[in-house]
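As given, the protein sequences belong to chains D and R, one line each in that order. Heads up: the first sequence runs through residues 1 to 494, numbered per my numbering. Heads up: the second sequence runs through residues 495 to 705, numbered per my numbering.
No lab work stands behind these hints, which were simulated from the structure alone. Values in this document were obtained by computation on a predicted structure and should not be read as measured data. A hint or two may mislead.
[Unchecked claim] If we take Cβ atoms under 7 angstroms as the criterion, some of the chain R residues that face chain D in the derived model are:
hint, residue
1, T500
2, V512
3, G514
4, A515
5, T597
6, P598
7, V602
8, Q604
9, L640
10, V658
11, L664
12, H666
13, L671
14, I683
15, V688
16, R695
[What the hints assert, rightly or not] Pairwise CB distance ranges, derived in the manner of DEER restraints:
hint, chain 1, residue 1, chain 2, residue 2, range
17, D, A24, R, L664, 53 to 61 angstroms
18, D, A48, R, S507, 52 to 60 angstroms
19, R, S518, D, D51, 27 to 35 angstroms
20, R, A590, D, E291, 52 to 60 angstroms
21, R, R569, D, L10, 51 to 59 angstroms
[Unchecked claim] Covered by chain D, according to a simulated footprint, are these stretches of chain R (three or more residues, beta-carbon under 8 angstroms):
hint, stretch
22, 562–569
23, 619–626
24, 630–639
Beta carbons are placed, not taken as given, at the ideal position from N, Cα and C, and that holds for glycine.
These are the residues of each chain, in order.
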Amino acid sequence: MSGADNVVWLGTPPFPEAARAALADTRLRANLRRATGTIRDRRLAVTAELDDWEDLRETAAALKRRTLRHLDRHLLRLEETVTAAGGTVHWAADAAEANAIVTRLVRATGENEIVKVKSMATQEIGLNEALAEAGIRAYETDLAELIVQLGGDRPSHILVPAIHRGRSEIREIFRRQMGKWGRPAAEGLTDDPRDLAEAARLHLREKFLRAKVAVSGANFAAADTGTVVVVESEGNGRMCLTLPETLITVMGIEKVLPSFADLDVFLRLLPRSSTGERMNPYTSLWTGVMEGDGPQDFHLVLLDNGRTATLADEVGRQALSCIRCSACLNVCPVYERTGGHAYGSVYPGPIGAVLTPQLVGVENAASLPFASTLCGACYDACPVKIDIPEVLVHLRSKAVEAKRRDRILPTPEALAMKAAGAVLSSPRRLAALQRLAALGARLVARDGRIGVLPGPFARWSGTRDTPAPARESLRAWWRRTREEGRTTRNGKSR
Amino acid sequence: MSGRDTVLGAIRSALADVPGAEASDGDPIPRDPRSHQAGPDVVELFVERAADYRATVVRVPPSDAVAAVGRALARTGAKSLVVPPGFPEDLVAEGAWSRLEDTPPLTVRQLDAADAVLTTVAAAIALTGTVVLDSGPGQGRRALTLLPDQHVCVVRASQIAADVPEALRLLHPRRPLTLISGPSATSDIELDRVEGVHGPRTLDLVVIADD
Numbered sequence: 001m002s003g004a005d006n007v008v009w010l011g012t013p014p015f016p017e018a019a020r021a022a023l024a025d026t027r028l029r030a031n032l033r034r035a036t037g038t039i040r041d042r043r044l045a046v047t048a049e050l051d052d053w054e055d056l057r058e059t060a061a062a063l064k065r066r067t068l069r070h071l072d073r074h075l076l077r078l079e080e081t082v083t084a085a086g087g088t089v090h091w092a093a094d095a096a097e098a099n100a101i102v103t104r105l106v107r108a109t110g111e112n113e114i115v116k117v118k119s120m121a122t123q124e125i126g127l128n129e130a131l132a133e134a135g136i137r138a139y140e141t142d143l144a145e146l147i148v149q150l151g152g153d154r155p156s157h158i159l160v161p162a163i164h165r166g167r168s169e170i171r172e173i174f175r176r177q178m179g180k181w182g183r184p185a186a187e188g189l190t191d192d193p194r195d196l197a198e199a200a201r202l203h204l205r206e207k208f209l210r211a212k213v214a215v216s217g218a219n220f221a222a223a224d225t226g227t228v229v230v231v232e233s234e235g236n237g238r239m240c241l242t243l244p245e246t247l248i249t250v251m252g253i254e255k256v257l258p259s260f261a262d263l264d265v266f267l268r269l270l271p272r273s274s275t276g277e278r279m280n281p282y283t284s285l286w287t288g289v290m291e292g293d294g295p296q297d298f299h300l301v302l303l304d305n306g307r308t309a310t311l312a313d314e315v316g317r318q319a320l321s322c323i324r325c326s327a328c329l330n331v332c333p334v335y336e337r338t339g340g341h342a343y344g345s346v347y348p349g350p351i352g353a354v355l356t357p358q359l360v361g362v363e364n365a366a367s368l369p370f371a372s373t374l375c376g377a378c379y380d381a382c383p384v385k386i387d388i389p390e391v392l393v394h395l396r397s398k399a400v401e402a403k404r405r406d407r408i409l410p411t412p413e414a415l416a417m418k419a420a421g422a423v424l425s426s427p428r429r430l431a432a433l434q435r436l437a438a439l440g441a442r443l444v445a446r447d448g449r450i451g452v453l454p455g456p457f458a459r460w461s462g463t464r465d466t467p468a469p470a471r472e473s474l475r476a477w478w479r480r481t482r483e484e485g486r487t488t489r490n491g492k493s494r
Numbered sequence: 495m496s497g498r499d500t501v502l503g504a505i506r507s508a509l510a511d512v513p514g515a516e517a518s519d520g521d522p523i524p525r526d527p528r529s530h531q532a533g534p535d536v537v538e539l540f541v542e543r544a545a546d547y548r549a550t551v552v553r554v555p556p557s558d559a560v561a562a563v564g565r566a567l568a569r570t571g572a573k574s575l576v577v578p579p580g581f582p583e584d585l586v587a588e589g590a591w592s593r594l595e596d597t598p599p600l601t602v603r604q605l606d607a608a609d610a611v612l613t614t615v616a617a618a619i620a621l622t623g624t625v626v627l628d629s630g631p632g633q634g635r636r637a638l639t640l641l642p643d644q645h646v647c648v649v650r651a652s653q654i655a656a657d658v659p660e661a662l663r664l665l666h667p668r669r670p671l672t673l674i675s676g677p678s679a680t681s682d683i684e685l686d687r688v689e690g691v692h693g694p695r696t697l698d699l700v701v702i703a704d705d
């Protein structure tokens with residue numbers, strides 16, 4: 001089992017149920033609409049500045065596609081160059097293995113606490129929980145991750161995990177929880193973002209200064225040089241990457257790039273796509289260890305955890321090109337209304353809807369490929385041109401297949417489709433049904449709309465109004481007005 | 495089987511559709527780094543873009559450089575200044591601050607207590623308003639530009655590249671590289687940009703025109 005470990009949050013309801021609850025939360029929807037709207041506008045402004053933006057996307061997509069087709073070679077090269085630069089490379093087939101490696105490495109230092117750079121990979125494997133079981137406390141140092149961690153919450157967005165929280169909620173979390181984890185928030189803490197950021201600065205500063213071990217993720221790694229890259233804004237990343245003695249980086253195997261020179265493409269695409277900046281405040285690149293500067297003990301953990309299963313699917317493989325910019329979340333009409341929690345996964349939004357079912361097996365996240373309108377906005381926004389709608393449709397058919405395999409009797413939906421097939425294949429049967437429907441509709445429709453229907457139809461009709469069928473079908477109308485006289489528009493007889 | 499064999503084996507069987515003879519570098523992927531997007535005056539563009547990220551930027555002739563460094567430090571009222579090994583002596587401004595050297599290395603606590611640090615750069619990028627440090631002479635190890643609250647950075651006009659690809663070609667991958675675009679910032683609270691979380695809250699760039 002490639003491990004549903006922490007990719008999906010076990011026990012959370014399937015998307016349709018979770019979405020219904022989220023939709024009822026008006027504050028959540030207001031927070032989300034404001035945030036995604038702001039970030040969308042920013043992104044459009046900075047991408048419009050580059051007249052080669054579309055070429056860049058093409059180049060990035062081609063580079064990623066090609067790299068994935070030879071992933072083994074690039075990873076072996078990366079292992080070689082990192083090792084030559086004084087680092088140690090570890091391979092982990094699944095979450096349990098990765099957690100065991102990190103736990104062992106931390107234990108070897110004799111420390112019982114670590115600082116962490118925000119990382120999707122370590123969230124995916126549930127590293128914090130695994131370390132806690134081993135008696136090691138992990139401190140999240142990204143401001144948004146800190147808010148989530150202190151709030152005992154789950155992240156709701158890839159880039160801005162606390163996007164669902166307003167400033168007054170954050171103030172409450174800081175006031176209640178900071179003292180339990182370290183330095184408490186100052187008396188009289190206001191909900192001004194400046195004041196809140198200052199509280200986080202003071203709370204985390206003491207942790208940075210005493211930390212001996214740090215754990216990070218990686219945005220990219222260049223195989224030809226062994227250079228690993230972390231992109232961030234606050235400087236918490238730089239603190240973790242440079243002050244401790246030991247650095248452990250957990251990286252999904254799909255993050256490797258063939259060469260250092262390829263970074264130029266992605267360093268131009270990522271900040272503009274994710275935060276809507278020309279460049280994020282801090283980007284750190286390091287190669288193994290450097291004497292006298294930064295950690296003298298560096299470990300790179302290469303993580304599979306369902307990625308090779310994804311790689312095996314020729315359609316779904318492209319999801320591994322994702323650079324975690326979250327542009328697809330910010331343009332998605334479904335995400336904007338439900339937020340990230342409804343997806344029940346570490347990876348929310350459109351990319352989560354294609355990545356999660358592939359990482360954990362489609363039968364373990366069967367509702368996610370349907371959590372989309374297939375409007376294609378995500379594809380338009382994706383800097384590496386992942387055709388998310390294509391993968392969604394592909395996964396939908398897999399989900400239906402999986403469901404059919406498990407059932408003895410056909411679903412009502414399958415029966416309805418079979419009946420529809422019979423009707424639509426015969427003009428005579430269709431006409432008869434249309435006459436019947438027009439008659440029936442007159443009985444149940446109000447103002448030309450059909451509301452909630454009884455019985456098995458309630459699930460469809462409960463969330464939408466159905467327009468009542470016309471009194472006469474187009475075909476019947478055509479026959480009556482045009483065919484009776486056998487005349488065409490310019491009056492000539494046929 | 496070790497994790498390594500398991501993962502590599504899984505990758506290879508997942509890629510069964512890829513012909514074994516296919517070259518991993520294949521035909522070159524077309525690249526068109528259009529540095530002309532930076533326009534004719536890269537120095538002016540750099541000044542404008544760095545200021546857009548709320549760095550304080552001044553453009554001075556060589557004769558005014560040391561005074562500009564002094565003005566930047568005086569503005570924040572810095573009391574102590576870290577000067578990394580190899581920093582050009584003629585640019586170290588005198589003033590109401592004590593000077594700290596990093597040889598032998600300062601402790602993390604000493605660095606945290608320092609008010610400002612003064613460095614050169616390895617390169618700069620006009621289109622994004624970025625400076626790049628590579629721990630070379632005059633830049634010091636990475637912690638030096640992280641813990642003090644003010645970073646004063648001297649950039650020579652000739653070091654400014656138009657765009658990211660051009661800058662990356664100037665840099666050595668074996669050195670630790672830090673790309674800095676404006677002071678530390680966060681947008682994690684309601685997407686309001688706030689400067690200064692963990693890195694220096696003030697970034698001063700002194701751009702020295704070519705002789």
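Here is how each hint holds up against the structure:
1. Below 7 angstroms, beta-carbon pairs count as interface contacts, and R/T500 has one with chain D at about 4 angstroms; its hint therefore holds.
2. Checking R/V512 against chain D: minimum C-beta separation of about 5 angstroms stays under 7 angstroms; hint holds.
3. For R/G514, the interface hint is violated, since its Cβ never comes within 7 angstroms of a Cβ in chain D; the closest pair sits about 11 angstroms apart.
4. Interface restraint check for R/A515: the shortest CB-CB distance to chain D comes to about 12 angstroms, outside 7 angstroms, so the restraint is violated.
5. Proximity of R/T597 to chain D is violated relative to the hint, the smallest CB-CB distance being about 10 angstroms (cut-off 7 angstroms).
6. Given the 7 angstroms rule on beta carbons, the hint for R/P598 is violated: about 11 angstroms separates it from the nearest Cβ of chain D.
7. Taken as an interface hint, R/V602 checks out: its beta carbon lies about 5 angstroms from the nearest beta carbon of chain D, inside 7 angstroms.
8. Contact between R/Q604 and chain D, as hinted, is not supported at the beta carbon level, the nearest pair being about 11 angstroms apart and thus beyond 7 angstroms.
9. Annotation: R/L640 was flagged as interfacial toward chain D, and the flag holds, the nearest CB pair being 5 angstroms apart, inside 7 angstroms.
10. The closest approach between the C-beta of R/V658 and any C-beta of chain D is roughly 5 angstroms, which is under the 7 angstroms cut-off, so the hint is satisfied.
11. At about 12 angstroms, the closest approach between the beta carbon of R/L664 and any beta carbon in chain D exceeds 7 angstroms, and the interface hint on this residue is violated.
12. Evaluation of the R/H666 hint against chain D yields a violated restraint, the C-beta minimum of about 9 angstroms exceeding 7 angstroms.
13. Satisfaction of the interface hint for R/L671 is found here, the shortest Cβ-Cβ separation to chain D being roughly 4 angstroms, below the 7 angstroms cut-off.
14. Satisfaction of the interface hint for R/I683 is found here, the shortest Cβ-Cβ separation to chain D being roughly 4 angstroms, below the 7 angstroms cut-off.
15. Hint status for R/V688: holds, given a least beta-carbon distance of 5 angstroms to chain D, under 7 angstroms.
16. Using the Cβ-Cβ criterion of 7 angstroms, the hint placing R/R695 at the interface with chain D is not satisfied: the shortest such distance is roughly 9 angstroms.
17. Separated by about 55 angstroms at the C-beta atoms, D/A24 and R/L664 satisfy the suggested range of 53 to 61 angstroms.
18. Range check, D/A48 to R/S507: about 44 angstroms between beta-carbon atoms, so the 52 to 60 angstroms window is missed.
19. A hinted range of 27 to 35 angstroms holds for the C-beta pair R/S518 and D/D51, which are about 31 angstroms apart.
20. A hinted range of 52 to 60 angstroms is violated for the C-beta pair R/A590 and D/E291, which are about 36 angstroms apart.
21. Separated by about 55 angstroms at the C-beta atoms, R/R569 and D/L10 satisfy the suggested range of 51 to 59 angstroms.
22. Here's how the stretch 562–569 of chain R fares: 0 of its residues keep a CB closer than 8 angstroms to some CB of chain D, so the rule of at least three is not met and the hint is violated.
23. As drawn, the stretch 619–626 of chain R meets chain D at 5 residues by the rule of a beta-carbon pair under 8 angstroms; at three or more, the given contact holds.
24. Residues of the stretch 630–639 of chain R with a Cβ under 8 angstroms from some Cβ of chain D number 3, which satisfies the need for three, so the listed coverage holds.
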